[in-house]
Amino acid sequence: MIDRRLLLAAVAGTAILAAFASQALPLDALRCNGTRNDIVKADYREHESKGDRRHRDEDGRYTANDRGRYGGDDDDDDDEDEGRAAYGDRGAPVQQNTNPPGNGLFTPGSKPRAQTN
Amino acid sequence: MRIKSLLAVLAITTTLTVPGLALASEVTFTTNMRSYGGDGAYLAYYVTDAQGKYVGSLWMAGGKARYYEHLSGWYRATGGDTGEINGITGASVGSGRSLKITLDLADTLFDAGYELHIDSAVEDMRDSPNEVVVPLTSAGSGQAATGSRYVADFTYTR
Chain A
5 MIDRRLLLAA
15 VAGTAILAAF
25 ASQALPLDAL
35 RCNGTRNDIV
45 KADYREHESK
55 GDRRHRDEDG
65 RYTANDRGRY
75 GGDDDDDDDE
85 DEGRAAYGDR
95 GAPVQQNTNP
105 PGNGLFTPGS
115 KPRAQTN
Chain B
357 MRIKSLLAVL
367 AITTTLTVPG
377 LALASEVTFT
387 TNMRSYGGDG
397 AYLAYYVTDA
407 QGKYVGSLWM
417 AGGKARYYEH
427 LSGWYRATGG
437 DTGEINGITG
447 ASVGSGRSLK
457 ITLDLADTLF
467 DAGYELHIDS
477 AVEDMRDSPN
487 EVVVPLTSAG
497 SGQAATGSRY
507 VADFTYTR
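These protein sequence lines map, in sequence, to chains A and B. In terms of my numbering, the first sequence opens at residue 5 and continues consecutively. In terms of my numbering, the second sequence opens at residue 357 and continues consecutively.
No lab work stands behind these hints: they were computed from the structure. Here the structure is a predicted model, which means the values were calculated and not measured. For each residue, glycine too, the CB sits at the ideal point set by N, CA and C. Hints may contain errors.
BS3-like mimics (lysine-lysine), calculated; alpha carbons at most 30 Å apart, straight line [claimed, not checked]:
1. K115(A) to K420(B)
2. K420(B) to K409(B)
3. K456(B) to K409(B)
4. K420(B) to K456(B)
5. K115(A) to K456(B)
6. K409(B) to K115(A)
Reference excerpt, derived from the structure (chain B facing chain A, CB under 7 Å, subset only) [claimed, not checked]:
7. A406
8. G408
9. G412
10. N442
11. G443
12. I444
13. V449
14. R453
15. S454
16. L455
17. K456
18. I457
19. T458
20. D460
21. L461
22. V490
Model the full structure from these sequences, guided by the hints.
If you want it as structure tokens, here you go:
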């Protein structure tokens with residue numbers, strides 16, 4: 005009988021916590037519009053200036069980031085780096101990826117590792 | 357009775373695990389780049405079978421999909437499908453640097469007519485499909501292969 009009560013209490017507690025967790029929002033979303041407009045994030049300005057820089061080279065002509073030549077996107081938000089550095093040599097010391105694709109070449113569950121020197 | 361059940365479970369799990377261990381081995385790819393004087397190189401590592409048909413990708417050095425069309429051998433084989441390189445993508449490799457990749461690969465890849473291809477591309481420089489093509493064999497392990505443009509040499513060891 006006690007076990008059942010404990011179980012019920014655990015289920016109820018978990019349900020309440022899950023309900024609260026599903027309502028969780030980033031702090032930005034809680035700010036009212038007036039406040040949000042006053043705040044300019046540092047990284048946003050930085051992104052703008054990088055965006056200006058990345059389309060020019062020393063001669064003033066477009067570089068590899070030119071959409072016409074390479075058909076790329078303007079938005080680098082999901083990219084690993086910016087502008088010419090995409091081809092650049094910013095090798096991370098050790099990169100550990102998640103799971104490789106299931107193409108039959110890899111051992112299932114293995115984690116590829118790469119190191120640039 | 358309980359011990360018997362445990363032993364049976366142990367036997368089954370061992371039977372299922374051991375062949376998996378025996379059929380896979382850790383393989384290391386070492387790629388040394390020439391000092392070609394340009395930006396970092398994108399490198400695509402992929403495998404073809406004995407008929408030259410694309411089998412799968414092993415690694416992509418370089419994270420921006422818009423440059424993948426310059427890795428023309430890989431791009432032609434995959435149509436630029438980034439799903440082929442999910443979880444096996446790293447940074448591009450700079451001039452004069454080296455990249456060491458460690459992968460757990462199926463043993464069936466070796467001595468069965470498969471070939472490893474490396475395509476390379478550098479911004480504002482010539483693309484180099486099939487920069488390196490080496491047969492995957494036990495005898496080839498540790499033997500350096502010379503690249504045609506940006507790769508100084510490539511070695512795999514298992």
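Starting from the hint list further up, note which numbers the structure goes against and sort them upward.
The structure conflicts with hints 7, 8, 22, although it agrees with all the remaining ones.
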